[in-house]
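Q: Spelled out from the first residue to the last, the chains are:
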Amino acid sequence: MEEYILEMKDIVRTFPGVRALNGVDFRAKRGVVHALMGENGAGKSTLMKCLVGINPPDSGEIWLKGKKVQIQNPNEALKLGIAMIYQELNPVAERSVMENIWLGREPMLSKLPLFVDHKEMYKKTKELLENLEINIEPKVKVKELSVAKMQMIEIAKAISYNADIVIMDEPTSSLTPNEVEHLFSMIQKLKDRGVAVIYITHKMEEIFNIADEVTVLRDGNHILTKPISEMTIDSLITAMVGRYLTDMFPKMQSQIGDVKLSVRHLEVPGLLHDISFDVRKGEILGVAGLVGAGRTELMETLFGLRRKSSGEIFIDGEKVEIRSPSDAINTGIGFLTEDRRLNGIIPVLSVQMNIILANIKNYSKLKIFLDLKTMQNDCEKYKERLKIRTPSLEALIQNLSGGNQQKVLVARWLLTNPDILILDEPTRGIDVGAKAEIHTIITKLACEGKSIIMVSSEMPEILGMSDRILVMSHGQITAILDRKDANQEIIMRYAAAKTNAAIVA
Amino acid sequence: MAQQNKVSNFINKYAIFIVLIVMIIALSFLSPAFLTVQNLINVLITESGRGILALGVAFAIISRGIDLSVGSIVSLTSVIAASLVQEPSYSARIFPNLPLLPPIVAVLAGLAAGALVGLTNGALIAYTAIPPFIATLGSMIIARGFALILTNAYPVPMLRPEFKIIGQGSLGPIPYVVIVFVIVAIIAYIILNYTKFGKHVYAIGGNVNAARTSGIKVEKNLLGIYMVSGICASIAGILITARAASGIATLGNNYELDAIAAATIGGTSHTGGIGTVPGIIAGILILGILNNGLLLLGISPYLQQVIKGIIIVGAVVFDMRKNARQK
Amino acid sequence: MAQQNKVSNFINKYAIFIVLIVMIIALSFLSPAFLTVQNLINVLITESGRGILALGVAFAIISRGIDLSVGSIVSLTSVIAASLVQEPSYSARIFPNLPLLPPIVAVLAGLAAGALVGLTNGALIAYTAIPPFIATLGSMIIARGFALILTNAYPVPMLRPEFKIIGQGSLGPIPYVVIVFVIVAIIAYIILNYTKFGKHVYAIGGNVNAARTSGIKVEKNLLGIYMVSGICASIAGILITARAASGIATLGNNYELDAIAAATIGGTSHTGGIGTVPGIIAGILILGILNNGLLLLGISPYLQQVIKGIIIVGAVVFDMRKNARQK
Amino acid sequence: KTYHIGVTLYDRDQFISSLEQAILEAAKKYPNVVVDSQDAKQDVNQQMAQVDVFATKKYDAIIVNLINTDTVETIIQRARGIPTIFVNRRPRDTVIDGVKTAYVGSQEYDAGRMQGEFLANFFKGKKEIRYVLFMGQLGLENTNERTRGVKETLEKAGFKLTKVYEDTAEWDRWKAMNQMQQLLGTGKQFDVVICNNDEMALGAIEAMKALKMDLKKIPVVGIDATPPAKEAVKKGEMAMTVFQNAKAQGAVALDFALKAAQGQKIEKFGWVPFEPVTIDNVDKY
Ligand SMILES: Nc1ncnc2c1ncn2[C@@H]1O[C@H](COP(=O)(O)OP(=O)(O)OP(=O)(O)O)[C@@H](O)[C@H]1O
Ligand SMILES: Nc1ncnc2c1ncn2[C@@H]1O[C@H](COP(=O)(O)OP(=O)(O)OP(=O)(O)O)[C@@H](O)[C@H]1O
Ligand SMILES: [Mg+2]
Ligand SMILES: [Mg+2]
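Protein chains in written order, with our numbering: chain A, 1 to 505; chain B, 1 to 327; chain C, 1 to 327; chain D, 1 to 285.
It should be emphasised that the hints constitute simulated quantities derived from the structure, not laboratory data. Predicted model only: the values in this text are computed from it and were never measured. Certain hints may be false.
Quick list of in silico lysine-lysine cross-link-like pairs, DSS-like style, CA-CA up to 27 Å [claimed, not checked]:
| no. | chain 1 | residue 1 | chain 2 | residue 2 |
| --- | --- | --- | --- | --- |
| 1 | A | K29 | A | K111 |
| 2 | C | K13 | A | K361 |
| 3 | B | K308 | A | K139 |
| 4 | D | K188 | B | K308 |
| 5 | D | K100 | D | K127 |
| 6 | A | K79 | B | K13 |
| 7 | A | K124 | B | K164 |
| 8 | A | K119 | B | K196 |
| 9 | A | K143 | B | K308 |
| 10 | C | K217 | A | K319 |
| 11 | D | K100 | D | K151 |
| 12 | B | K164 | D | K217 |
| 13 | B | K308 | A | K157 |
| 14 | C | K196 | A | K381 |
| 15 | D | K160 | D | K216 |
| 16 | C | K164 | A | K365 |
| 17 | A | K361 | C | K308 |
| 18 | A | K126 | B | K220 |
| 19 | D | K217 | D | K156 |
| 20 | D | K230 | C | K164 |
| 21 | A | K373 | C | K196 |
| 22 | D | K175 | B | K308 |
| 23 | A | K157 | B | K196 |
| 24 | A | K143 | C | K217 |
| 25 | A | K139 | B | K164 |
| 26 | A | K319 | C | K220 |
| 27 | B | K308 | A | K124 |
| 28 | A | K111 | B | K308 |
| 29 | A | K191 | A | K9 |
| 30 | D | K230 | D | K100 |
| 31 | A | K119 | A | K139 |
| 32 | A | K143 | B | K164 |
| 33 | D | K230 | D | K151 |
| 34 | A | K9 | A | K226 |
| 35 | A | K141 | B | K196 |
| 36 | A | K319 | A | K68 |
| 37 | B | K196 | A | K123 |
| 38 | D | K57 | D | K124 |
| 39 | A | K141 | B | K308 |
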């Protein structure tokens, strides 16, 4: 009898200073979507990396289709029919989409088996992407794609292995609702084919939408495994964080003041067209849109990472020229970037260095030497406040779990104490507990009179946190809605709107 | 406007070839002797050795490594191959009692030496975590030591004509060394663009984690990469030895820098995953034509260095404008 | 178990220092002359030049660059400084009508040369997109050319004693060159660990995009980084010139490779963001003690190379076990 | 008593290896002499380190083949009182005292002078000589002196020297060959090829042979009289070379070193003359 396609028994895995998995059991069945839940650093990714042989377990057994297996590297895992979408997106940026998808199993010419069959590769890619209704040209270099598209490519790649077990580690972290829908329909097809899908996410609503069973980990320990039908959001959260959480969106009404930042007729050729909007003191401006709407590009332009071709930016009514991030920071803007790996963390440096990075100059004593003591104290404070799970501040950030890396970046920008804080997907990959904490911090900042621009693809977050909501489509603003006028449907309508019909409410 | 954009895209894409062509045109005006068949063949002859080295080393660089040992492999190959094809009459033969071996044995012995050093490099890099710089620095020092031990630092002169012909003979007007160079370039092009191994070289250099999680056997590929580099160095060593008609233990000194420079000028990036054979060939030819041109123009050797430095930097600046931070 | 883990953690963390200590202990047994004050001071004297070069170049490597021009800067500094402090009586003075300048002028001129080359490197790397390898290769060739032009390739002998004292004098038993080396090391340590600039160097090397997004002025810092490297090279050039008592245009030939090797052995990573001053010092001392030990043991020069290569690789393998792919 | 003698050589090439061999051979004659020979790979710093070590090991004498002759003071200082014999590269005379220090060698300038004398004779009756010159590594003393020697001698003999090509080939056969080949490609005319050593001369000859040039009419001259060069002289391909007597230099250097170690009186200079080698006398060498 083969009830479980996969059984992991008593898995232990340690890293220097951390016991990431402490005797975890995990089982998955065919044709079932099994959600794996837990706080940041609970050990979800590590458990899956044990399975695919990236971090083979220190002890414990893995049984696959009733046979005991030892998986030493991802190659063996793929051969055994286990494919994984990694939490940290991992493309070869300089190569084409199709080369990325078929990497390691390139189709070869039948007559000259030494050579790669590019035609066949193109055809197969085209088929695959069409099947999955992903609209990307197989020959473009992956580095030209937005993060969301990269994520779609990774999903397509994992599906194309025709594996028996597909692991998805936060596949929707950069996707907007439309793509999430799309992904879910793909998952449904996998399920119908009898594939076991292991699904990791921090987005509660997704779990109840797609999962059949759920396993919760906490601190490297197995807490429970149950059919989803026996769980509620609250019981799930309680299982994850070990306590009861009251409010995910603890929005407080702040005193909205004068216009702080005002953007007029901003233009970036090919990306942004005629962008005008204001943000007031004490206001949280949510920015919604579909993938590729240009939200990230807009923020990058405000922050001096991109050149605008025309348009003006005013702060406190005065025109400013922002040519570089350092200009932006000096005028009191902070920017939590969307792409954690590219613009965010410095992998080989310590957690502490990563926290203070944007703020080093404020720790200079005598204009030369750094005040290491204060630096450490401040970092310690944010570590506590955001519950960053790390063995020490000296640990390298690359050894932290994805969500904890994100928290470090949030800490970095909070520490600069900017007047205008731009947050691009601030809670991406962050667990529910910490999310509530970050939301509290954001709303408190607004109450202190700061202006917040929050780009998010999570509707509940946008709706729960914003005072006003700016919706973009195809590089233009299609609507600016008031909190009270907005709901998911309206936003989605404007987000999908053909442009030129910009409506400013 | 779109037209203009196309032109500028074209210039960006082919910048390094444009530099090459501009240099050729400029030199044809500056020196009448430049644009003669004989002179151009001479340039090719001269650059064939460095060219093959650069092609090999490019595999290492594309995979985000480096190979410092190629110069030493040239030396080692040189003395090994030469010592197997000395005139039997020559009194100071390295192996005095050696029977008359066919030259192919010498060639194969030389290639084996290069492959072995390459394999060692690859194994060190793949199975210990040491950086390629150190692994190949070590084998560079060791290989040179062996070349000296083997010959006691004396040249290995008096090679048999059957061997020298490799370096000095020609097929019609085209010398064998140039033919070998072209063949190696074509093979390198095919490997990098049309084979699995080539794709994997790019993938490993571009993102080793992605390569590993896609099931590529990174270690085995690294062995292959450094063997390619070692074998190319041996081929260069044999050509150079046959041309110089003497095995010399110091022959390849500092060639590694030249080879790496040629590959880098040709757009091979040390951050990995980027590099093309046509680019590398352009890099080699730029260096070769520059040398030739300065020589033809009779510029003082000291000043030559200054001019050379400026032109190399200038060429790459022009090529890299596309990557410069946009205004 | 935990105890054992602690021990192995300790060994991992301080592996390169353990290599150094093991080498010292082994050599004390193998050669009685090794562990004498005089001999150890000699090692320090010999390594002071390379050491300072390595410290400078480490700034470039940590920032994910490289500086190939340091050897040439040594040459250039050497001839510039020397030509300003020649004995007035010497007939072949470079500047025949120069008044007697205080040696400090020569020192400053030398430093200025290094700073200038460094600034050029930095500007090229910061404001054009060319790779550091090419920028510094270019200035390496150019600087050497200038050194040769300046002196017409002749050495610049007959330096005044006030200048030579820098290289030959000592404070009590400790030679000035060693003192300078120690001071440079301390300053480098302070810069890298306790200043804004130092933190920026690591950040730029670790992830230049993140550094830029965090408001770090990458370009300005790059200027600083390559100037540090250039100035260190000049300091080394002055010390070596004063010791050699002659300005020599070929003085620094190939020193760049030694310096990069020392930094790399000491754990400075070419992938950027990683490197410490104590590690680099360990790297330098390992090379120096190895050199000294092999000489003391009277090992044949050919075999020396082989042993040297093996020990360098072995030391780094030991140091890098921690990063090797865990079983 | 056993005498320990340290040797430090500037680098390794054919000549220096012969010199080293000669020193070792000479030492074999004495059962109580041990020689420790090292090379410094053209690194001044390394040479000083080697002398340091010899001094640390309290050797009885040191033989130094200087990389750069100006470093002599420092070398003597580092030797800490141990007798130091300089060989082949001549330091300033003022530091030579004939007690603790001496010089054994030939005058580099003379090698160039001999090339010049041979060529002056060869071109007797001509007014102008159009020359091609391959120099050794730039900045080295033997490169400079040999070059100066040949040029001055020819000029003193009344010739007008016209430069067709002058560059370094860094003592390297292959580099000289490449440069020669490219030069020939230009079709420029010249009367003579002067080389700072034999290896480069042989490289030039290979290139010229490929174009079937008459090596009898356009003489190629080298320095060192290495075995392949002598072979080439015999065949009439190389017009002349200059024999630098490695054997004698080595033997005399060892002799001086040993005497100085024993506290015996030595000369300030041990001259071993260069000797021109042509087809007429090549069999002697
Ligand atoms: N390579 C590593 N070196 C050291 N520690 C590690 C390493 N990888 C993971 N860890 C540690 O193991 C623990 C579990 O990490 P893991 O990535 O599995 O968490 P996660 O549940 O996936 O969290 P998230 O939701 O944030 O992705 C964390 O404390 C993390 O710091
Ligand atoms: N490096 C790049 N090169 C070329 N085009 C790019 C690049 N980055 C993004 N784009 C394009 O710019 C457009 C907008 O990008 P992006 O998807 O990041 O916008 P967004 O609204 O921020 O979406 P999201 O943040 O939800 O992913 C897309 O069409 C994308 O393909
Ligand atoms: Mg995770
Ligand atoms: Mg975005």
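Q: Look at each hint and say if it fits the structure.
A: Against the structure, the hints come out as follows:
Restraint check for K29 (chain A) and K111 (chain A): not satisfied, since their Cα atoms lie roughly 41 Å apart, outside the 27 Å limit. Taking the CA atoms of K13 (chain C) and K361 (chain A), the gap is about 30 Å. The hint is violated against a cut of 27 Å. Using a Cα cut-off of 27 Å, the hinted pair K308 (chain B) and K139 (chain A) is violated, with the two alpha carbons roughly 39 Å apart. Taking the CA atoms of K188 (chain D) and K308 (chain B), the gap is near 23 Å; set against the 27 Å cutoff, the hint holds.
Restraint check for K100 (chain D) and K127 (chain D): the C-alpha separation of about 49 Å exceeds 27 Å, so the hint is violated. For the proposed pair K79 (chain A) and K13 (chain B), the alpha carbon gap of about 40 Å is over 27 Å, so the pair is violated. For the proposed pair K124 (chain A) and K164 (chain B), the alpha carbon gap of about 52 Å is over 27 Å, so the pair is violated. With a C-alpha separation of about 15 Å, the suggested pairing of K119 (chain A) with K196 (chain B) holds against the 27 Å cut-off.
Of the pairs offered as hints, the one joining K143 (chain A) and K308 (chain B) is violated, with about 35 Å between alpha carbons and a cut-off of 27 Å exceeded. The hinted pair formed by K217 (chain C) and K319 (chain A) meets the criterion: a straight-line CA distance of about 23 Å does not exceed 27 Å. Note on K100 (chain D) and K151 (chain D): the hinted pairing is violated, with a Cα-Cα distance of about 36 Å set against a maximum of 27 Å. Under the criterion of a C-alpha separation no larger than 27 Å, the hint pairing K164 (chain B) with K217 (chain D) is consistent with the structure, at around 25 Å.
For the given pair, K308 (chain B) sits about 48 Å from K157 (chain A) by alpha-carbon distance, which is inconsistent with the 27 Å threshold. About 21 Å separates the Cα atoms of K196 (chain C) and K381 (chain A), which keeps this hinted pair within 27 Å; it holds. For the hint pairing K160 (chain D) with K216 (chain D), the CA-to-CA distance comes to about 22 Å; that is within 27 Å, so the pair holds. Between the alpha carbons of K164 (chain C) and K365 (chain A) the distance comes to roughly 39 Å, so the proposed pair goes past 27 Å and is violated.
For the hint linking K361 (chain A) to K308 (chain C), the alpha-carbon distance of about 44 Å lies beyond 27 Å, and the restraint is violated. At most 27 Å may separate the alpha-carbon atoms for a hinted pair to count; K126 (chain A) and K220 (chain B) exceed this at roughly 31 Å. Straight-line distance between C-alpha atoms of K217 (chain D) and K156 (chain D) comes to about 23 Å, which keeps the hinted pair within the 27 Å bound. Simply put, K230 (chain D) and K164 (chain C) have alpha-carbon atoms about 45 Å apart, too far for the 27 Å limit, and the pair is violated.
With a C-alpha separation of about 14 Å, the suggested pairing of K373 (chain A) with K196 (chain C) holds against the 27 Å cut-off. Of the supplied pair hints, the one linking K175 (chain D) and K308 (chain B) holds, its CA atoms being roughly 17 Å apart against a limit of 27 Å. Restraint check: the Cα-Cα separation between K157 (chain A) and K196 (chain B) comes to about 18 Å, which is no more than 27 Å; the hinted pair holds. With a C-alpha separation of about 25 Å, the suggested pair K143 (chain A) and K217 (chain C) falls inside the 27 Å cut-off, and the hint holds.
For a cut-off of 27 Å, the pair hint linking K139 (chain A) to K164 (chain B) is broken: about 48 Å separates their Cα positions. Under the criterion of a C-alpha separation no larger than 27 Å, the hint pairing K319 (chain A) with K220 (chain C) is consistent with the structure, at around 26 Å. Of the pairs offered as hints, the one joining K308 (chain B) and K124 (chain A) is violated, with about 49 Å between alpha carbons and a cut-off of 27 Å exceeded. In summary, the hint linking K111 (chain A) to K308 (chain B) is not supported, as the alpha carbons are separated by about 48 Å, beyond the 27 Å threshold.
Straight-line distance between C-alpha atoms of K191 (chain A) and K9 (chain A) comes to about 24 Å, which keeps the hinted pair within the 27 Å bound. Under the criterion of a C-alpha separation no larger than 27 Å, the hint pairing K230 (chain D) with K100 (chain D) is inconsistent with the structure, at around 37 Å. Pair hint K119 (chain A) plus K139 (chain A) holds up; C-alpha atoms about 11 Å apart against a cutoff of 27 Å. Straight-line distance between C-alpha atoms of K143 (chain A) and K164 (chain B) comes to about 50 Å, which puts the hinted pair past the 27 Å bound.
Between the alpha carbons of K230 (chain D) and K151 (chain D) the distance comes to roughly 24 Å, so the proposed pair stays at or under 27 Å and holds. Taking the CA atoms of K9 (chain A) and K226 (chain A), the gap is about 17 Å. The hint holds against a cut of 27 Å. Taking the CA atoms of K141 (chain A) and K196 (chain B), the gap is about 18 Å. The hint holds against a cut of 27 Å. For the given pair, K319 (chain A) sits about 68 Å from K68 (chain A) by alpha-carbon distance, which is inconsistent with the 27 Å threshold.
Between K196 (chain B) and K123 (chain A), the direct Cα distance comes to roughly 18 Å. Compliance with the 27 Å bound is thereby established for this hinted pair. For the hint linking K57 (chain D) to K124 (chain D), the alpha-carbon distance of about 57 Å lies beyond 27 Å, and the restraint is violated. Restraint check: the Cα-Cα separation between K141 (chain A) and K308 (chain B) comes to about 35 Å, which exceeds 27 Å; the hinted pair is violated.
Figure legend: structure checked against the earlier numbered hints; hints not met, in rising order: 1, 2, 3, 5, 6, 7, 9, 11, 13, 16, 17, 18, 20, 25, 27, 28, 30, 32, 36, 38, 39.
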